[in-house]
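Chains A and B, in that order, give the protein sequences. Counting from 2, one number per residue, gives the positions in the first sequence under our numbering. Counting from 995, one number per residue, gives the positions in the second sequence under our numbering.
Do not rely on the hints blindly, as some may be mistaken.
[Said to hold, decoys possible] Capping the alpha-carbon separation at 25 Å, the derived lysine-lysine pairs in BS3-like fashion look like this:
(1) A/Lys50 / B/Lys1051
(2) B/Lys1051 / A/Lys102
(3) A/Lys62 / A/Lys114
In case anyone wonders, no lab produced these hints; they're calculated from the structure.
The residues making up each chain are set out below.
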Amino acid sequence: AQSVTQPDIHITVSEGASLELRCNYSYGATPYLFWYVQSPGQGLQLLLKYFSGDTLVQGIKGFEAEFKRSQSSFNLRKPSVHWSDAAEYFCAVGGNTGGFKTIFGAGTRLFVKA
Amino acid sequence: KAGVTQTPRYLIKTRGQQVTLSCSPISGHRSVSWYQQTPGQGLQFLFEYFSETQRNKGNFPGRFSGRQFSNSRSEMNVSTLELGDSALYLCASSSVVNTEAFFGQGTRLTVV
Chain A
2 AQSVTQPDIH ITVSEGASLE LRCNYSYGAT PYLFWYVQSP GQGLQLLLKY
52 FSGDTLVQGI KGFEAEFKRS QSSFNLRKPS VHWSDAAEYF CAVGGNTGGF
102 KTIFGAGTRL FVKA
Chain B
995 KAGVTQTPRY LIKTRGQQVT LSCSPISGHR SVSWYQQTPG QGLQFLFEYF
1045 SETQRNKGNF PGRFSGRQFS NSRSEMNVST LELGDSALYL CASSSVVNTE
1095 AFFGQGTRLT VV
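Next up, chain B with everything else stripped away, as it sits in the complex (with noise of 0.2 Å):
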């Protein structure tokens, strides 16, 4: 069984741009939950969707926003980047409410 994919795996970007990151839950997981992870903050959660619903939401400003397909793929799009961005981004999956998550190996973004 595939773990949790996530694409793609580094990304350089400019501030002011926007960036688009990718995650494949693991077949039949229908909630898919983001995370930021620096090392001043630690993990932060973004936000959890469960069938394209989005059902909860960290403390990140509007310009963090994600959508889930009919799939259950996910992706989490982030503007107008900042240089505190920059980060670990983790996506997990799991197939019932208040199970363990299952984390992919997660997209190193770098605002320059």
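So that you can see chain A by itself, here it is in the shape it has in the complex (with noise of 0.2 Å):
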């Protein structure tokens, strides 16, 4: 069966320090991987995606992803966390499954400190 965990329900970092948000799914096929950010309120906003090709993503707002297949992990990854990034952090595993189904994790809460 499809899923997606994301074990860390909330963290916590410092603004300036670097963020590691955890993410394993579990799919048959060859995955479709993606990260959303969703702000209070808002929906959600693609930060980045994983088709094929280079396992090192690059993202918007300077995240960045890397795909271990071996261990079916999609971390996502910020060298250096600013206020603004504070939101809810959504995995995503999707793929050609004669339609597009996108399975969601439970999602992390970052919370940055200043």
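With the hints as a guide, bring both chains together as one complex.
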């Protein structure tokens, strides 16, 4: 069955510190992987995506993620967090299953302290 | 290029009523998906439409239904509303199967 696990419900980091949000997935075929960010009361914005090729993917707002097939992981990283990065982050997996269906993780709430 | 538009943004309904939510995808996008977001269950997939056909469906009761029109606009209907249906309903559109979904700002439904 397709699933996405984000083991950290919430994370607190200091402004300027580095960030890593964890994501593990279970998918029967070649996955398409995404990270989205959601600010309070808003929809989801795509940060980055992985379909194939280079396993290190660059996204918007200085984020990057690394696909590790052997670990079924797609962790999100940022070298220096800004206060405006405080939001909820969702990892998601999709694929060619005869239709468009994206499965989301439960999300990780990021708090940034001054 | 206009984004995904969902109307209305906020809605209050009474238990037992029915509700219809609307989603206008990005121009040229033919796939429209619906999600329910609640604090307890997170983001759950409802269904996906492509060229007026439902291609995928999540694990929701038959009270939740949808449709897509020839211009790709989509509506979602929930009948016999329950308190547990209170949620943020998000619509997403995409241009090609399995590319990223572009989300609207959602409709906040409150059932009282």
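Those earlier numbered hints the structure runs against, lowest number first: none
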